[in-house]
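Fit chain B to the known structure of chain A by using the hints.
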Amino acid sequence: MATLEIRDLHVTVEVENGTKEILKGVDLTVKQGETHAIMGPNGSGKSTLAYSLAGHPKYTITSGSVTLDGEDVLEMSVDERARAGLFLAMQYPVEVPGVSVSNFLRTSATAVRGEAPKLRTWVKEVREAMERLNMDPAFAERNVNEGFSGGEKKRHEILQLELLKPKVAILDETDSGLDVDALRVVSEGVNRVRETGEVGTLLITHYTRILRYIKPDHVHVFANGRIAESGGAELADQLEAEGYDKYVKGGASA
Amino acid sequence: MAEAQNIPVGSTTAGSIAVAAESTVVSRMSAPPSFDVADFPVPHGREEEWRFTPLERLRGLHDGTAVAAGEGVKVTVSAPDGVVVETVGRDDARLGRAGTPADRVAAQAYSSFEQAGVVTVPKETVLTEPIRIAVHGEGGVRYGHQIIELGAFAEAVVVIDHTGDAVLAANVDYILGDGAKLTVVSVQDWDDKAVHVAQHNALVGRDASFKSVVVTFGGDVVRLNPRVEYAGPGGEAELFGLYFTDAGQHQEHRLLVTHNTPHCKSNVVYKGALQGEDAHAVWIGDVLIEAKAEGTDTYEMNRNLVLTDGARVDSVPNLEIETGEIVGAGHASATGRFDDEQLFYLMARGIPEHEARRLVVRGFFAELVQQIGVEDIEERLLAKIETELEASVG
Chain A
1 MATLEIRDLH VTVEVENGTK EILKGVDLTV KQGETHAIMG PNGSGKSTLA YSLAGHPKYT
61 ITSGSVTLDG EDVLEMSVDE RARAGLFLAM QYPVEVPGVS VSNFLRTSAT AVRGEAPKLR
121 TWVKEVREAM ERLNMDPAFA ERNVNEGFSG GEKKRHEILQ LELLKPKVAI LDETDSGLDV
181 DALRVVSEGV NRVRETGEVG TLLITHYTRI LRYIKPDHVH VFANGRIAES GGAELADQLE
241 AEGYDKYVKG GASA
Chain B
255 MAEAQNIPVG STTAGSIAVA AESTVVSRMS APPSFDVADF PVPHGREEEW RFTPLERLRG
315 LHDGTAVAAG EGVKVTVSAP DGVVVETVGR DDARLGRAGT PADRVAAQAY SSFEQAGVVT
375 VPKETVLTEP IRIAVHGEGG VRYGHQIIEL GAFAEAVVVI DHTGDAVLAA NVDYILGDGA
435 KLTVVSVQDW DDKAVHVAQH NALVGRDASF KSVVVTFGGD VVRLNPRVEY AGPGGEAELF
495 GLYFTDAGQH QEHRLLVTHN TPHCKSNVVY KGALQGEDAH AVWIGDVLIE AKAEGTDTYE
555 MNRNLVLTDG ARVDSVPNLE IETGEIVGAG HASATGRFDD EQLFYLMARG IPEHEARRLV
615 VRGFFAELVQ QIGVEDIEER LLAKIETELE ASVG
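Residue numbers (this note's numbering), protein chains in the order written: chain A, 1 to 254; chain B, 255 to 648.
Keep in mind that the hints were calculated from the coordinates and are not lab data.
Glycine included, each C-beta is placed from N, C-alpha and C at the ideal position.
Don't take every hint at face value.
Facing chain B, from chain A, some residues (calculated, C-beta under 10 Å) [to be verified]:
#1 Pro57
#2 Tyr92
#3 Val96
#4 Arg113
Chain A on its own, in the form it takes in the complex:
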């Protein structure tokens, strides 16, 4: 069973006046089939955790460890992490002009699966996945993220999640900027992947809204660069009622 283990993770980033520590000792274990929600106020380091796990060069790991099934993730390049089974659905997916969605998806699936998918079954697989996400087939011929609406970008991220079938999926504020209809479609996509029981999900969000559609097994409150409290789904209800005040008091990092 696939397990992502994060132990005492410290991460810094270069800022104008020097180096700033963003993550200050994160401990978290995500097992296949589990869904963990990470909730926290802006600036608490949630997205830094997501991008550090994916290997973004902007972030420097100063101490701690991350392993996926015992393999050292921090030793892997960005693409190796993806091929090992980590997936990051990004909050702000990047435009890649001149590269069509269909070419991108196939190149990506070929890399992750280790061989080119058979053309006939692949076309069907993509078409069906797009239908489930209410995406127009013409979407496949557009350039990656170019001119996409906020909802289209997030659907495209979840489309990749469905096709790449990672062991651990990190969803970074996938709910932000979505209207209720789009949120429902995207959440259903995530739930289809969860229902296979083959993916561990790390759902990073500022709001409790998405948790009405995606039920977490564990909820963690993220504040000031570490997990401040962990609990079950009831913790989200408490946050809904009380907000983050009690976690940021005195420890706010602006």
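Quick look at chain B alone, frame taken from chain A:
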């Protein structure tokens, strides 16, 4: 009189729209156009039209010391049936109709060539296969002149393919009869030491369509000067360019579209990628809309993708408008570094770095590659891009 407006378009580029400005495309040149090399002083490098060009690397094309030598450059023309292919002397009446040499090297070429090639597609002849002109250098010096003429309503695709090692100065005239359609693909796939300076003159007939695709990869110095004028209303010109400038190479594309006739269109899109120490790309995009050219519609764009440190781009779009009665006129220029966020996004989907870079660069050129319309050239170009990128990734 309106003042010239300066529109900043990026840190390494400059651009301006001049409305009836004092400094014009014509007045910025150090001498008026002429067929006689004696009318141009030897450039010293500070002239507007020479200031980006490394004169010392022109192997004497600019100062009269480059002497044409025998069989050093071979020109082979293959054309489908119905096309007339001729070689003519300096006294042929068809010479020099499409345009006049605008700088010293073009005038040197016009003053020095011994024989000119003339390719004629008779009126209403529609070709289904391209005409191919192979210019292959074997270390020689050549002054060339080539005319490609399409009669009324003729349609043709011409591929001019430059390979090997040469020092070449040339004028190429494209003459389009009424309603004719000409696509010219000029490929500069020279060996590393080649020097190539050429002026392209297109004269676009009434309701005719001219499409130029310039593809520059090779050479030590390549400096091309594509120019367009219109012989009647309703003409269209599309000027597309791709260049891949490597360490030490100087690739310069200087365009001038003169809207001298009402109701004509022009669209200029040039894109380049640069990599390596002292790779230098220059793009000058001049568009002149004369007072009588009402109903003009023009747009020009230059984009540069800088893949490594040490490369330099000079990109200067310039639009001069002498009438307000136009459909549209615009320009854009941008030069950017390789986007690390694009790379991260692709790699985060499992795609290895070298393949991710390839996707991004291919994507950058994609819209232009699709414009070529000659399959073997498109394939060769994509293969070239791969090879260039392999060299950069190591």
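Verification of the hints:
no., hint, verdict
1, Pro57, "holds (7 Å)"
2, Tyr92, "holds (9 Å)"
3, Val96, "holds (5 Å)"
4, Arg113, "holds (9 Å)"
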